[in-house]
Structures are given as structure tokens and as C-alpha cells.
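Chains as they are written, first to last, in the UniProt record's numbering: chain B, 1 to 121; chain L, 1 to 121; chain X, 1 to 121; chain V, 1 to 121.
Any given hint could turn out to be false.
Claimed, not checked - With a cut-off of at most 25 Å between alpha-carbon atoms, the simulated SDA-like pairs for lysine to any residue come out as follows:
id, chain 1, residue 1, chain 2, residue 2
1, L, Lys112, X, Asp64
2, X, Lys101, X, Ala87
3, B, Lys110, L, Gln26
4, V, Lys98, B, Lys17
5, X, Lys68, L, Ser115
6, L, Lys117, X, Lys12
7, V, Lys88, X, Thr119
8, L, Lys98, L, Gln26
9, V, Lys112, B, Glu46
10, L, Lys98, B, Ala14
11, V, Lys117, X, Asp54
12, L, Lys112, X, Asp54
13, L, Lys12, B, Ala104
14, V, Lys17, X, Asp64
15, B, Lys68, L, Met86
16, B, Lys17, L, Thr119
17, X, Lys110, V, Arg20
18, X, Lys68, V, Lys68
19, L, Lys112, L, Ile99
20, B, Lys65, L, Glu25
21, X, Lys12, V, Lys110
22, V, Lys68, V, Glu13
23, L, Lys110, B, Phe18
24, L, Lys101, B, Lys110
25, X, Lys98, V, Glu43
26, V, Lys12, V, Ala87
Think of the hints as simulated: they come from the structure by calculation, not from any bench.
Given next are the chains, with one letter for each unit.
There are 4 protein chains.
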Amino acid sequence: MTDDITTLAQLKEATAKFARERDWEQFHAPKNLSMAIAAEVGELMEHFLWVSADESSTLCLNKDKRGKIEEELADIIMFSLQFANMAKIDVASAISAKIVKNAAKYPVSKAKGRSEKYTEL
Amino acid sequence: MTDDITTLAQLKEATAKFARERDWEQFHAPKNLSMAIAAEVGELMEHFLWVSADESSTLCLNKDKRGKIEEELADIIMFSLQFANMAKIDVASAISAKIVKNAAKYPVSKAKGRSEKYTEL
Amino acid sequence: MTDDITTLAQLKEATAKFARERDWEQFHAPKNLSMAIAAEVGELMEHFLWVSADESSTLCLNKDKRGKIEEELADIIMFSLQFANMAKIDVASAISAKIVKNAAKYPVSKAKGRSEKYTEL
Amino acid sequence: MTDDITTLAQLKEATAKFARERDWEQFHAPKNLSMAIAAEVGELMEHFLWVSADESSTLCLNKDKRGKIEEELADIIMFSLQFANMAKIDVASAISAKIVKNAAKYPVSKAKGRSEKYTEL
Numbered sequence: 001m002t003d004d005i006t007t008l009a010q011l012k013e014a015t016a017k018f019a020r021e022r023d024w025e026q027f028h029a030p031k032n033l034s035m036a037i038a039a040e041v042g043e044l045m046e047h048f049l050w051v052s053a054d055e056s057s058t059l060c061l062n063k064d065k066r067g068k069i070e071e072e073l074a075d076i077i078m079f080s081l082q083f084a085n086m087a088k089i090d091v092a093s094a095i096s097a098k099i100v101k102n103a104a105k106y107p108v109s110k111a112k113g114r115s116e117k118y119t120e121l
Numbered sequence: 001m002t003d004d005i006t007t008l009a010q011l012k013e014a015t016a017k018f019a020r021e022r023d024w025e026q027f028h029a030p031k032n033l034s035m036a037i038a039a040e041v042g043e044l045m046e047h048f049l050w051v052s053a054d055e056s057s058t059l060c061l062n063k064d065k066r067g068k069i070e071e072e073l074a075d076i077i078m079f080s081l082q083f084a085n086m087a088k089i090d091v092a093s094a095i096s097a098k099i100v101k102n103a104a105k106y107p108v109s110k111a112k113g114r115s116e117k118y119t120e121l
Numbered sequence: 001m002t003d004d005i006t007t008l009a010q011l012k013e014a015t016a017k018f019a020r021e022r023d024w025e026q027f028h029a030p031k032n033l034s035m036a037i038a039a040e041v042g043e044l045m046e047h048f049l050w051v052s053a054d055e056s057s058t059l060c061l062n063k064d065k066r067g068k069i070e071e072e073l074a075d076i077i078m079f080s081l082q083f084a085n086m087a088k089i090d091v092a093s094a095i096s097a098k099i100v101k102n103a104a105k106y107p108v109s110k111a112k113g114r115s116e117k118y119t120e121l
Numbered sequence: 001m002t003d004d005i006t007t008l009a010q011l012k013e014a015t016a017k018f019a020r021e022r023d024w025e026q027f028h029a030p031k032n033l034s035m036a037i038a039a040e041v042g043e044l045m046e047h048f049l050w051v052s053a054d055e056s057s058t059l060c061l062n063k064d065k066r067g068k069i070e071e072e073l074a075d076i077i078m079f080s081l082q083f084a085n086m087a088k089i090d091v092a093s094a095i096s097a098k099i100v101k102n103a104a105k106y107p108v109s110k111a112k113g114r115s116e117k118y119t120e121l
């Protein structure tokens, strides 16, 4: 499986199958999954606590760290996809809709090169 | 875009394009993106703080809430995909590899119907 | 040190001293400390992911778990106090002020026994 | 109330009283409170997502932002103290014990001026 040839539906199904085989769907309420995503993001952040933004880019290239960082990101996305599975959310549709909404909040003309929240632009 | 016909690569590119058009890649170091994912997960959790697991499933069907929950999930996944873009991580490969690793930690025979951590099975 | 006889100032100083002795204040910018708090909350949540609210109360009494849970909570509060140290925030004042503000948002007459957000009461 | 003259017990009681008056202890299981702390940390982090560590220090002095940052920190510590209330944890004791343990992991001689995790020192 690589990003070029894998659909969201296929990746969601791989995640669902893992849970289903273990009879874990009983634990996968949205509340619990939202906590699980948060716990995994905590592990991802742990790599970056005390380094600068630039150093965090370098760290992702470090051969000792890269594997772990990939695993934390995989965990975050897997739990997010399982959330989508359990709540029957179409991820690609939700993201397209959010991009349209964000584009209205952050028009290129106002937001270009600026990191302020839209309420402060 | 729907999950059936959208590849990870396409969704990553939609996310990258939004950032690129706004010249935001300068802000998107892994450290910063990991925080952004965490902040968005905080917003998702906020819907579920005081309800039970079962009630959180029902809440996701509530027509007033569903749209917001979809948006929070979209934000989490978008920042996660942008993390993958910036760190050049192939998401589908990372997830496949993690599923193999998790399957070894949680063999069906031991983990079926149980929520303990693998160290406690 | 016990809660009955320890002031916030004393606990903040114990935390500051630990960092100062190790010359760690250079790492303790508010941004980094906010991430550190989040990473520690992730570890606390990990104990409660798949259990119900009631089971989480029982878990805190479990002798194998209790020590760990106390440590995670200690980490969260220490980093929060160090945030207060670095940003020169008086914690007791900030909390008193917030309680006054929350009391206006959540008057007893409206909020009693209800978990809705004030915008939905 | 200021940090110089307020004990942990007093601040814990102020927090407990607010919840008790609203009959909110029924919602305050450790699981739910751990999520609430995480959601509040998310709001704190939101202020710092796209700025450098140095800029985050400056931001805490900004008169428009400072009040909000104090409120987010107050929320985090209040929910943490309420967690301690509900789980009957003595915060000052837990922190003293954790400081002793951390001092063993991070002896001044090895850790001075270094931000690595103890496993990497």
C-alpha cells in the first residue's frame, strides 16, 4: 500500500478489519477514540518538546527517530480513520468541505504569508 | 471527492495546495503541526467530555452536532496529512507497517474482546 | 510537603528550583511548556481510554495503577506551575478570577445537575 | 487569594466547592476530567502554534493575550486539582515524590543544560 494507489476507503477498511478481528469495536465509541487520538498526538509531540521548529524538521530526517515518528503519525491517522468508520464519516468529503470553508475564512489575498487566526487578519 | 475514489496522495495534495497558495509552509514545521493536531483533537474531545461512551455514539448522529464533529475530524486529518507532506511520510505505507507490528503485539488469540495494553495481556 | 501546609508559592519554587539547578529554563518557553503539559495529559488519559467513567474511578484505587496516575498528575501540575513561573502568573489569583467568571456563565440556578456548555443552557 | 498565602488545600477546596454547588461531581470521573484537562491544554497551545519559543514568551506579555493565557492556565490547573479532589490525591506529596524520582533520573551532573530524555543522556 502506498499513497499513490491507496484510497481512503481501502485504508479505512484495513483499520476497521484490524479492530473487527479482535472484537474491539465495542471499545471504539467516539469518546474513547477521541481520547486515543489525543494520547497518540501526545507521543508525537514528545519528540519535539524542547527543540526549535527548524530542529524538528531535521529530527524527522534522523534515522533513529524517523521510524518512531512515522509510527506515531500512523497511530494518529489510524485512530482518526477508525473514528470515521464508527461515526460513518466520509473523510474526503469532510475535508473537501472544510477546505472550502477555510478558503472563505482565509482568502489568499488576506492570509498570504500570515499566521494569524482569521479573526485577527 | 469521496473515500471510494480518492487516494491518499490526492488528499495530501489538496491539503498541501491550500498551504502552498497561502505561503504557509514556512509555519508548518513538524513541531508546529504536532501542536496543531493536538489543538484540534482538543476541540473534538470537547463534544464528548461529560457524556458516556454510548451517548457519544448518539451525539455523532445528532444533526446539530454532526457537522461540527465532521469538521473537527477533518481538521485533525488535514494537519496530520500536512505533517506527512512536510516530513515526506507515505501514510499508507506507515499504516500498513504499523498494522503488521500491532498484529504481532496483539495476536487475535490473546487480544480478542480485551482492551488491556499488550504488556498486560 | 502536604496540601494542608504547602502554599502555591512553595510548590512553584520547588518546581523552579529543579529546573534552575539543571539550567533548563532556556528550554522552558511557554510554547514548549504548553506542549509538555499536553504530552503528560496524554499519558494520564492513556490509563482511561477504554474504560467507562465509573471504571476510571475504580482504577484510581487500584494499587498497581494509583502510583502511576499520581505521577502523571504530578507531571501535569509541575509543568503547569513552571509555565506560571516563566510567564509570571499568580495561579491562585488567576483561578479566583476564573471562578468568578465561570460563576457568571454557570449560575447555580441554571447549571445545577447539568453538563451542557453555557452557550446551550 | 495569592500564591504566597494560599495553600493547595484551599485552592482545591475552592474548586471542589464550585463543582459541589452545581451538583457536578457526578460528571467528574477521572476519565472525564483527564479529557477536560486535555481540551483546555489544547486552547492554551492554540496561542502558540505558529510562533517561535521566544515569540511565545513575548506573547505572554502582550496585554491583549495575557488575560486569555492566564484563563487557559487557570482552567488546566482547576481541572487538575478537581482530578486530585475526586481521586483523593495529595498534590504536594505527589509532586515532592516525583521531584525525588526525577532528580534520580536527571542528576545535575549529567542533565545540566541538556534537554535529552534521561534514556538518551
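Taking the hints in turn, this is what the structure says about them:
no.	hint	result
1	Lys112(L) <-> Asp64(X)	holds (24 Å)
2	Lys101(X) <-> Ala87(X)	holds (22 Å)
3	Lys110(B) <-> Gln26(L)	holds (17 Å)
4	Lys98(V) <-> Lys17(B)	violated (41 Å)
5	Lys68(X) <-> Ser115(L)	holds (19 Å)
6	Lys117(L) <-> Lys12(X)	violated (35 Å)
7	Lys88(V) <-> Thr119(X)	violated (31 Å)
8	Lys98(L) <-> Gln26(L)	violated (30 Å)
9	Lys112(V) <-> Glu46(B)	holds (20 Å)
10	Lys98(L) <-> Ala14(B)	holds (11 Å)
11	Lys117(V) <-> Asp54(X)	violated (35 Å)
12	Lys112(L) <-> Asp54(X)	holds (23 Å)
13	Lys12(L) <-> Ala104(B)	holds (20 Å)
14	Lys17(V) <-> Asp64(X)	violated (30 Å)
15	Lys68(B) <-> Met86(L)	holds (16 Å)
16	Lys17(B) <-> Thr119(L)	holds (22 Å)
17	Lys110(X) <-> Arg20(V)	holds (14 Å)
18	Lys68(X) <-> Lys68(V)	violated (32 Å)
19	Lys112(L) <-> Ile99(L)	holds (16 Å)
20	Lys65(B) <-> Glu25(L)	holds (22 Å)
21	Lys12(X) <-> Lys110(V)	holds (24 Å)
22	Lys68(V) <-> Glu13(V)	holds (24 Å)
23	Lys110(L) <-> Phe18(B)	holds (14 Å)
24	Lys101(L) <-> Lys110(B)	violated (45 Å)
25	Lys98(X) <-> Glu43(V)	holds (15 Å)
26	Lys12(V) <-> Ala87(V)	holds (12 Å)
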